[in-house]
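Heads up, the sequence shown is in the numbering used here, so the first residue is -3 and it goes up one at a time.
It should be emphasised that the hints constitute simulated quantities derived from the structure, not laboratory data.
Because the structure is a prediction, the values reported are computed rather than measured.
Where is the CB? At the ideal position from N, CA and C, for every residue including glycine.
Be careful, since some hints might not be right.
[Stated by the list, open to error] Each pair of labels, with its calculated beta carbon distance range: (1) 38 - 141: 27 to 35 Å; (2) 135 - 102: 47 to 55 Å; (3) 212 - 46: 25 to 33 Å.
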Amino acid sequence: MSARWTVLHAGALGDLVLTVQLLLRLPRPEREAGARFCSRIPLSQLHDANPPLAHVNPDAHALHWLYRDDALPPPGKLSDLVGGARVLNTLCGPGHALHQRIELLAPAALVSFDPRPRGDCAEHIVDQWQRDLVEQGLLFDTCRRRRTALRVQPSADRVRAARAALRQAVGSDAHPVCLIHPGSGGAAKCWPVSHFAAVARELTQSGWRVAFLIGHVERERWSGDVVAELAAVAPRMEPPDAGALALLVAAADAFVGNDAGPTHLAALLGTPTVALFGPTRPQRWRPLGPRVTVLSGCADPTGWNIDPADVVRAIREA
């Protein structure tokens, strides 16, 4: 039986990255075997990373069959994906009917966890997931120092190409480059755009080059004035998918962002990361990785009591 896990996943980028962090805690043979993700977020350009993270399309493999309540036989592609595989199901807990549907596909092993946070517990969400899987008999590497140092390393050739594109965007081959992602899926989790612009200006004046990462959420939510405010300070980059985003982030010298998927991704890839938290709790949701600095303020929407100068200082020290 292969040591590689097949992961069934339906969440957003941040949850997907934290699931990868969970897999990095497995014993070395399973960790190094990588994983195959059946998810709506394609980390497709990490299939040759170390460890490798492959992606399969849930629609192409008829994952919707799991949610049916009839007696129709499973589609062949879904049976081929799950049958005989070691399956980590992140769609529901082990007592759910969907877990039982997966069992009908005859996986070699099946463990499940409900990804939603429980109660008012202060433990990190990945610790909650790990505890759920330990109760189902799964073993994990218990060395905290070793797992803190673990990351996913994309192909050197892919990072080299992404770095060339990044250098071209900022117009420099000689300066360190910081990527700033000023958005988030939740508007309340966004530090003010004007503060990010101030950080970019200060970094530029001190010898850095900066680019803003913009995704579809920001394009839909922000007015033209907001985009213009950022464009007046530094160029913006709009990677087409999560795989392209991963390579750009891996190619950067530093990353700054809110409590959002790209920030978790930067941490996973080992890029020096400064994560800004306001209304959400870093004890539960902080990015995990070898070079992460968390600045946590309050829920005050005017800036969370986090000063741009503190962010710049954290970037320089990362």
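Okay, the hints, checked on the actual structure:
| no. | hint | in the structure |
| --- | --- | --- |
| 1 | 38 - 141: 27 to 35 Å | holds (32 Å) |
| 2 | 135 - 102: 47 to 55 Å | violated (23 Å) |
| 3 | 212 - 46: 25 to 33 Å | holds (29 Å) |
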